[in-house]
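So the protein lines, in turn, are chains A, B, C, D, E and F. Every number in the numbering used here is 125 more than the matching position in the first sequence, counting from 1. Every number in the numbering used here is 16 more than the matching position in the second sequence, counting from 1. Every number in the numbering used here is 27 more than the matching position in the third sequence, counting from 1. Every number in the numbering used here is 2 more than the matching position in the fourth sequence, counting from 1. Every number in the numbering used here is 49 more than the matching position in the fifth sequence, counting from 1. Every number in the numbering used here is 4 more than the matching position in the sixth sequence, counting from 1.
If you are wondering where the hints come from, they were derived from the structure by calculation, not from laboratory data. Since we're looking at a predicted model, the values are computed, not measured. Just so you know, not all the hints are guaranteed correct.
Unchecked claim - Taking lysine-lysine pairs in the DSSO-like style, the calculated list, with each CA pair at most 27 Å apart, reads:
| id | chain 1 | residue 1 | chain 2 | residue 2 |
| --- | --- | --- | --- | --- |
| 1 | D | Lys161 | C | Lys146 |
| 2 | F | Lys691 | F | Lys680 |
| 3 | B | Lys75 | D | Lys56 |
| 4 | C | Lys146 | F | Lys854 |
Stated by the list, open to error - Sample of chain F residues at the chain A side, in silico, Cβ under 8 Å:
| id | residue |
| --- | --- |
| 5 | Phe40 |
| 6 | Val596 |
| 7 | Thr599 |
| 8 | Val617 |
| 9 | Arg632 |
| 10 | Val635 |
| 11 | Ala657 |
| 12 | Leu658 |
| 13 | Ile661 |
| 14 | Leu673 |
| 15 | Asp784 |
| 16 | Val812 |
| 17 | Ile816 |
Built from N, CA and C at the ideal position, the CB exists for glycine as well.
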Amino acid sequence: MIEAALAFTAACYGLALLLDLWRIVLGPHAADRILALDTMVINVIALLVLYGVWRGTAIYFEAAMLVAMVGFVSTVAYCRFLLRGDIIE
Amino acid sequence: MELLVASAIGTMTAGGVYLMLRLRTFPVILGLALLSYAVNVFLFSSGRLSIDMSPILSKYSDTSYSDPLPQALVLTAIVISFGMTAVLVMISLGAYLEADNDEIDIEPEITDEDSAT
Amino acid sequence: MNLIFEIFISGALVVSGIFGFVGSYGLVKLKSTLQRLHAPTKATTLGVGGVLVASMLYFYASTGHISVHEMLIAVFLLLTAPIIANFIAKTYMARNLRASDLPKSQSRKGWALYEDPPKP
Amino acid sequence: MLTRLIPHPLLSLLLVFVWLGLVNKLTLGNLILGGFFGLVIPMLTAPYWPGRPKLRKPMNVLGYVLIVLWDIVVANVQVALIILFRSNPNIRSQWVVVPLELTSAEAITVLAGTITMTPGTVSATLAADGGSILVHCLHTDDPDAVRDEIKTRYERRLKEIFQ
Amino acid sequence: MSHWIILPVILPALFAPLLGFVMRHDIVLARVTSVFATALLLAVSVGLVFMAADGTTHIYRLGDWPAPFGIGLVLDRLSAVMVLLTSSLAFLVLLHAIATGWDEKGRHFHALFQFQLMGICGAFLTGDVFNLFVFFEVLLIASYGLMIHSGGRERMRAGLQYVVMNLAGSTLFLFALGTLYASTGTLNIADLAAKIPAIPAEEAALVRVAAMLLMIVFAVKAALFPVQFWLPATYANAPAPVAALFAIMTKVGAYAILRVHTVVFGPGVPGTEGMIDAWLFPAAIVTIALGAFGVLGARRLMPLISFSVIGSMGTLLVAVAVFTPAATTAALYYMVHSTFAAACLFLVADLVVTRRDGDSLRPRQKTVQNGLFAALFFGAVIAMAGMPPLSGFLGKLLVLNSLRQPDVMVWAWTAILAGSLITIVGFARAGSALFWKSTAIDPPAPGPADGTGPDGVLSRNATPAEVAPAVLALAMLAGLAVFAGPVAEYLEQTANQLFDRAGYIAAVLPAAGGS
Amino acid sequence: METTGNFLFIIALLPFIGALIPGLMIRAGRNATAAFTAMPTAVALILLMTYAPAVLRGEVIQAEVAWLPQLGLSVSFFLDGLGLLFACMILGVGLLITLYARYYLSGEDPVGQFYTYLLLFQGAMLGIVISDNILLLLVFWELTSLSSFLLIGYWKHLPEGRQGARMALAVTGAGGLAMIGGMLILGNIAGSYNLTDILQAGDAIRASEWYMPALILILLGAFTKSAQFPFHFWLPHAMAAPTPVSAYLHSATMVKAGVFLMARMWPVLSGTDAWFYIVATTGLITMVMGALIALFKDDLKALLAFSTVSHLGLLTMLLGFGTQAAAVAAVFHIINHLTFKAALFMTAGIIDHETHTRDIKRLGGLRHLMPITFLIGTIAALSMAGIPLFNGFLSKEMMLEEASHTGWAGSQYAVPVLATIGALLSVAYSFRFIFHVFFGPVRDDYPAKPHDPPFGLWAAPALLVVLVVLIGVMPFIADTVVAAAASAVTGTDLDPHLKIWHGVTPALFMSVAAVAGGALLLMLHRPLDRVWRAAPRPEAKAIFDSLVAGCVSLTRRIIEATHNGAISRYLAIFTAASVLLGVAAFMGGGLVEPTRELLPIPPVIAVGWLMLVVATGCVVVMHHHRFRALVLIGIIGLSISSGFVYLSAPDLALTQISVETVTIMLLLLALHFLPKTTPRVSSTGVKLRDGVIAAAAGLGVGALSFAFMQRDISTISSYHLANSYEGGGGTNVVNVILVDFRGYDTFGEIIVLGIAGMLIYALMQALLDGPSAQRLRNTDYSQDRSKDRHPLMMVVATRVLMPIALLVGTFIFLRGHNQPGGGFVAGLVVAIALLMQYMASGFAWTQARKRIEYHTMIGFGVLIAGLTGVGSWVFGKPFLTSAFTYVHLPPIEEFELATAMLFDLGVFLTVLGAVMLMLYSLSRIARFAGETVNEEPMDYDPASRVDNGPEAR
Ligand code: NA
Ligand code: NA
């Protein structure tokens with residue numbers, strides 16, 4: 126059962142990633158792209174955790190944690206760049 | 017899987033090379049960044065691909081592991097290329113600020129007079 | 028593994044998958060940027076949450092230890108998602124809307140995006 | 003003295019929990035280590051967090067968190083339904099201006115965060131003096147109701163906690 | 050195992066952070082320390098040359114891990130010679146930089162300088178190809194810093210190009226190393242040398258690609274056609290003492306070709322037999338031609354010298370390309386010679402150009418001490434163009450003499466001799482314009498007290514300390530000529546040792562028994 | 005009895021030592037300088053004379069020390085008759101020139117330099133004639149080119165001097181280089197570079213298939229040096245030199261070097277048809293042509309120069325005949341030519357010195373004004389004309405005699421007739437020198453009032469004309485010298501007897517015809533001169549100049565077209581070359597059959613692949629929008645990191661994602677100052693070219709990786725897996741490799757980072773000190789900015805998030821040895837944590853609250869890592885040998901202490917320091933651009949609203 130659920134969830138996230146990609150490529154606004162990239166990051170976090178469950182290992186936790194951190198930082202940075210130009214003024 | 021990795025390397029290399037051949041610093045930096053991604057994956061793939069065999073030794077099971085050496089090499093390469101990219105970014109900024117344009121080519125300076133007769 | 032656990036885990040996974048998908052679907056479907064902003068920030072939070080719950084349950088079920096580090100990711104996302112949404116919204120507004128397009132602020136100063144903060 | 007040593011006790015506590023979460027194993031050694039980091043790191047970062055937010059009723063925090071979590075679940079379902087089943091022309095997005103009585107920066111942040119995480123609303127920006135908050139609402143027919151709900155359901159509780 | 054071997058890396062690696070991060074506000078202290086560190090390095094490298102002189106190949110196993118699993122430093126005659134060459138050159142250049150005040154014109158000169166030495170010495174000493182890459186990067190990044198030292202518009206743009214070119218080169222290096230590891234499973238040079246000859250040609254496609262890509266990588270460093278384009282702009286725009294130090298940088302490329310393509314892919318390896326020479330040789334010929342053309346056609350002094358460096362690299366690589374001990378002996382001698390010759394030229398050029406309005410080869414007001422500079426320039430040019438009595442002539446004769454195989458002789462001799470002629474004519478024109486024609490123009494009016502005129506042109510005499518490094522370099526060249534016999538003997542043994550693949554393998558991998 | 009040759013070293017060395025004297029002596033005055041400069045020459049001459057008896061007896065004096073045995077180059081000298089003759093000439097005339105120059109040079113000329121150059125040149129010449137090793141000979145040969153370059157260009161202010169010097173250098177240098185080739189071949193055939201050996205190997209050499217190339221190359225050297233047709237043109241232009249130089253170089257020394265070489269190589273190279281036809285013909289043509297041109301030169305020195313060309317042709321022709329008698333004649337003429345030509349040059353110099361002109365047309369009548377000069381000049385010129393009782397007559401007779409019975413390609417008359425014409429022209433220009441300069445009416449328009457010079461100036465030529473007469477009258481006094489030299493040339497014992505009267509021979513008739521014809525020609529000079537001037541003829545200098553100019557502009561065009569500063573093209577070439585050579589290499593070898601089964605492709609992974617590929621494509625397509633490209637790069641980084649997770653490389657995933665983030669931060673920071681879009685400038689053609697190269701590179705690299713991924717190989721890393729825990733004390737093998745097995749790599753790597761940080765800082769300083777600072781100040785970067793700078797929400801969230809991030813960094817650091825993580829990633833995570841704080845409240849505010857010396861941090865990082873490595877020396881272990889132990893403190897569970905962790909701490913600090921220093925530098929630049937420092941952590945703290953009293957909405 127878990128296997129099937131894992132497969133289903135993975136498929137969902139796979140599709141989600143494609144949709145995110147679609148939005149990043151098409152935009153039209155910079156905000157859309159940033160938003161879609163952030164969504165992509167969050168979907169990837171989910172996939173990483175999912176992969177850990179699938180493999181039964183906690184080895185990928187740090188990766189997920191780190192992706193979450195850098196996802197936040199880079200999204201803020203992209204926005205700050207557009208808002209203020211200098212991201213660490 | 018191998019085909020995906022190989023084609024990904026190829027795509028990034030092609031993209032990287034194309035951008036590296038542009039005439040402004042910024043795309044060149046992007047191109048070199050892409051190239052460094054490509055070469056990192058390439059170097060990694062020299063240890064062959066494996067799934068769920070992370071080279072973290074496990075006391076409990078007698079599993080096989082993926083080749084750790086290329087991974088270590090890639091880590092080193094990533095760090096180095098990070099340093100290099102940072103320097104490149106700064107130098108290109110410097111060049112831009114000095115010259116007020118971010119062209120990467122040097123216009124040859126032709127002097128009117130000949131050097132010697 | 029306990030069937031109850033299997034059911035809960037599978038349920039959490041399926042919920043997660045659905046919300047994960049919906050978030051991105053909304054991103055594509057909705058017609059304005061500000062609307063799109065609602066889709067992923069909300070749906071993906073529960074999406075990731077579902078996976079994390081599944082993971083915690085799974086590791087508890089398979090090893091007997093309570094695994095809490097999944098919580099950290101959840102906490103982190105919960106703390107950061109509003110900031111991200113706020114920034115993206117501002118990014119959009121700053122580039123596409125003028126102060127006059129927005130309702131008036133109901134305090135002494137206008138919206139921070141368009142108006143300098145009061146002098147201390 | 004103690005404030006210098008433990009400038010933000012709640013943060014310290016949070017860090018101990020985070021540490022235990024990171025190592026994912028509750029042992030004495032980890033607790034000691036976590037405690038150590040819980041002391042040291044806030045001390046190091048204290049300059050960046052001047053002042054200490056006063057919590058009047060810390061016990062109310064738990065209630066607030068549970069309400070918000072529940073609302074988040076509900077929000078997700080609602081938004082999912084809107085996204086999946088409502089056609090675009092039928093989605094009526096609105097701006098909602100919420101005047102604030104809260105004056106603590108921490109409290110305002112929590113409120114804004116809560117707004118973003120709950121049904122169909124995103125806090126888009128604050129007023130330059132932090133006196134009101136601009137909320138974008140994905141779909142509503144009654145903006146005032148949305149404002150009132152925010153004020154009663156969240157701001158009131160936060161006011162109790164922080165002031 | 051002697052810790053001496055790693056000192057050329059550790060000394061600068063420890064001094065550099067001190068210089069860069071602790072002494073960065075005290076130029077006097079930094080200078081004293083830097084000179085001390087470099088002198089120490091020089092002393093150590095002299096010791097290493099003697100240590101290697103008995104023909105033993107010393108290995109230093111880092112982390113006490115056995116080869117090929119850990120990284121090993123290998124000290125043989127070749128690496129010892131290269132380290133000594135580096136440190137003695139560095140010493141001269143450092144003195145010049147301090148005497149002329151170049152080191153004060155930007156931040157961190159001394160730290161970068163030591164890091165540069167560390168990278169170069171590390172590259173010469175390592176016995177591991179990936180580690181070679183790492184030290185290439187160390188020396189490169191330090192060289193980027195030195196290249197743009199003190200800034201300026203042209204220098205910045207040229208520095209940018211230099212960085213970009215080398216980043217591309219480094220990327221190719223990694224592609225090559227990936228291919229090499231993928232096809233052999235090892236990175237240790239001795240281990241590669243043991244394994245690759247066992248690969249028959251029918252299975253050697255990947256190894257061949259690795260060998261070829263490595264050659265291109267090294268060729269970029271060595272400024273070999275068609276990847277030499279970067280050099281003139283870089284050297285011409287670098288601060289002169291840096292350009293002088295860079296004289297060793299091209300040699301790093303040549304060294305790497307010698308080390309890797311002789312020991313690993315050298316003669317008698319079935320998989321790569323004849324492949325490298327087939328490309329390297331004609332490329333080197335063209336390089337000679339381009340270098341000579343550049344010397345004749347250049348409009349400015351610094352590019353002119355840069356092109357002469359390219360030409361000298363062509364000559365050097367022609368000798369390398371035939372992969373015989375005799376030719377390698379010649380190449381090594383020429384390498385030592387051309388390093389000092391190029392450095393000397395750059396140092397002299399610095400003295401002149403800072404006293405002139407730019408380095409254009411047009412008659413300008415004559416500088417103060419025109420005669421002295423002319424004499425120094427004449428000496429340096431004689432060396433670079435390969436005319437007696439300095440070592441260039443002997444180097445050229447050695448190279449010519451070693452290239453007597455009928456298939457290479459005509460091309461190599463024609464290129465080298467014709468190249469020399471063009472170079473001589475080019476230099477004569479340049480020197481005539483710089484020093485002779487200028488005498489027809491009145492000397493500049495006496496400048497302000499510190500001798501700096503408008504546009505930063507110096508109008509004061511060069512101090513003895515400023516002239517000394519160039520004179521010392523000339524003396525080195527003369528010494529190299531006078532003591533050509535003993536030097537060539539050491540280098541001959543060096544070349545023989547280099548071609549003794551079995552000996553190298555046996556020394557590095559005792560278990561392999563040198564098979 | 006063998007005479008020891010050790011003096012030869014001294015003789016060879018003396019001029020070079022002497023060259024230092026003028027530099028030391030010049031303050032002592034001109035006389036002292038000249039006197040002391042003469043000393044080494046005189047001493048060398050005396051030493052040489054000690055050998056003369058032995059040499060004239062037929063002994064060969066030898067001396068040798070090894071120099072470069074690997075090459076067969078030794079410092080070996082030998083002195084035989086030929087060498088002795090030349091050495092005497094070089095030193096003897098050298099002495100005279102020293103004397104002459106003392107009076108000739110004006111007070112403004114740098115005399116010291118002159119004597120230095122002169123002695124250098126003398127040493128080089130001397131070396132040529134006594135070298136026993138042909139490589140050594142080459143050394144001296146090239147030295148003559150160099151030192152003559154200095155001498156000819158001595159008057160640097162004269163364009164003719166500079167051009168003449170360069171021309172001489174180019175022509176003789178070219179010949180010298182050809183000769184190097186020839187000599188190396190010769191040595192190769194003979195198996196030795198020693199002349200004594202080579203002279204024995206004549207038969208073998210002439211029989212060798214390499215004989216022709218060697219002959220041609222060596223002759224190129226000789227002909228250029230001796231100004232043989234068609235290389236004769238440099239010599240007249242070398243006349244721009246001061247007259248003492250001309251007298252020395254063009255009578256006795258430099259130009260004779262070529263002749264000497266032909267004489268030296270005569271036993272080896274001569275005697276073949278090739279030798280005869282090349283050498284004799286060239287000589288003959290040169291003789292006639294030189295003489296003809298000389299007749300129409302109005303410049304005294306030019307006349308003498310072309311006469312020199314002509315006489316050199318004569319000598320060359322004689323040597324080319326290949327007979328012993330011709331060789332004897334050549335040797336004799338060498339002596340005679342030296343005496344009269346040096347005297348003539350000095351005479352010309354005196355005239356120039358006294359009248360301030362050398363133009364024959366402005367002279368005449370000097371017989372009365374300068375009687376001594378007239379006497380000297382006339383005797384020398386008559387000798388040159390070959391008038392009996394002067395030595396020139398004797399050798400010319402011998403030449404005509406030889407010519408009279410030399411056939412050329414079946415013709416019996418070609419050589420004799422042409423030789424006679426040559427002699428005739430020679431008479432004509434010699435007479436012209438006498439009559440047009442000294443005879444005729446005294447004029448009143450000389451540029452200066454002429455009178456005889458002081459004794460010092462005419463002493464040297466006077467001595468020479470004494471010799472002219474002495475030999476002319478008593479030729480037997482030269483017998484021994486000529487015999488010794490001729491024997492040396494021919495390699496057989498000759499005993500010629502030089503006589504005035506040879507009887508009535510064809511030569512006598514030819515001689516008479518020459519004198520008569522010469523006199524006639526002189527009488528017809530005026531009309532002939534008009535014809536000559538009107539006749540079109542190639543001007544050698546113009547041809548040479550345009551040749552050089554052509555070469556310069558050709559090379560310049562090649563160089564400037566190829567090295568045009570277009571790095572994009574260099575890179576295109578580099579990439580294309582890599583691809584082509586890589587493919588070529590690949591094609592040359594085979595590939596084993598694939599041994600690995602391909603792994604399956606899960607759909608999600610395929611999606612990841614698609615993300616990466618699409619993002620890459622989009623970056624390429626959209627790169628003109630720089631910000632957009634950066635967002636897309638984010639996707640690529642994310643995909644790769646996830647891929648690493650999937651492919652069992654968690655450490656790589658951590659590193660990749662954090663590095664990528666920091667890189668994007670830096671790019672964003674830089675992009676703030678850069679243009680936000682890239683203009684579209686590439687033409688379609690260029691894009692196509694780049695596209696093709698890029699596609700080829702991508703295809704090549706992809707195919708390469710695909711090829712090896714399908715094939716198994718055993719690698720050394722099994723050792724690392726096996727020893728990581730036991731030997732390295734860690735279960736994360738990648739980390740153990742990084743900090744232990746290959747810690748040295750990592751050491752290098754952190755140094756790269758440290759340098760990067762430092763360099764960026766240095767660059768920032770340089771920029772802010774330079775003109776960019778102005779630009780930064782004048783550019784307004786604050787357009788279109790939103791007004792909230794440090795939004796409240798971000799600031800508050802960071803207060804919690806940053807400590808958490810720091811904790812995560814610490815965690816990743818501590819467990820890196822056993823689980824994914826390590827010092828590097830930890831450093832980046834902490835940097836990212838600090839970055840959050842900077843983004844929230846600004847860099848300057850954050851810095852002001854807590855000053856962290858990032859420089860010091862890097863320094864400490866590198867030092868800690870380095871000293872950790874050095875620490876193992878204490879235990880007698882190599883650099884970076886690690887140690888670890890497990891510690892057990894009772895209430896706490898066991899934990900590990902490892903030196904590798906200390907090393908990793910060095911890594912951590914360096915990484916953190918470097919990243920922060922980069923951020924610091926960029927933020928400094930921003931502040932220069934007008935960024936202000938905020939006082940408060942956030943734009944506005946709403947808490948202060950309360951202080952402001954009740955709100956008024
Ligand atoms: Na690393
Ligand atoms: Na160890």
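To see whether the hints hold, each was checked on the structure:
| no. | hint | verdict |
| --- | --- | --- |
| 1 | D:Lys161 <-> C:Lys146 | holds (26 Å) |
| 2 | F:Lys691 <-> F:Lys680 | holds (21 Å) |
| 3 | B:Lys75 <-> D:Lys56 | violated (49 Å) |
| 4 | C:Lys146 <-> F:Lys854 | holds (25 Å) |
| 5 | Phe40 | violated (74 Å) |
| 6 | Val596 | violated (33 Å) |
| 7 | Thr599 | violated (26 Å) |
| 8 | Val617 | violated (10 Å) |
| 9 | Arg632 | holds (7 Å) |
| 10 | Val635 | holds (5 Å) |
| 11 | Ala657 | holds (5 Å) |
| 12 | Leu658 | holds (6 Å) |
| 13 | Ile661 | holds (6 Å) |
| 14 | Leu673 | holds (6 Å) |
| 15 | Asp784 | violated (11 Å) |
| 16 | Val812 | holds (6 Å) |
| 17 | Ile816 | holds (6 Å) |
Hint compliance for this structure: hints 3, 5, 6, 7, 8, 15 are not met, and every other hint is.
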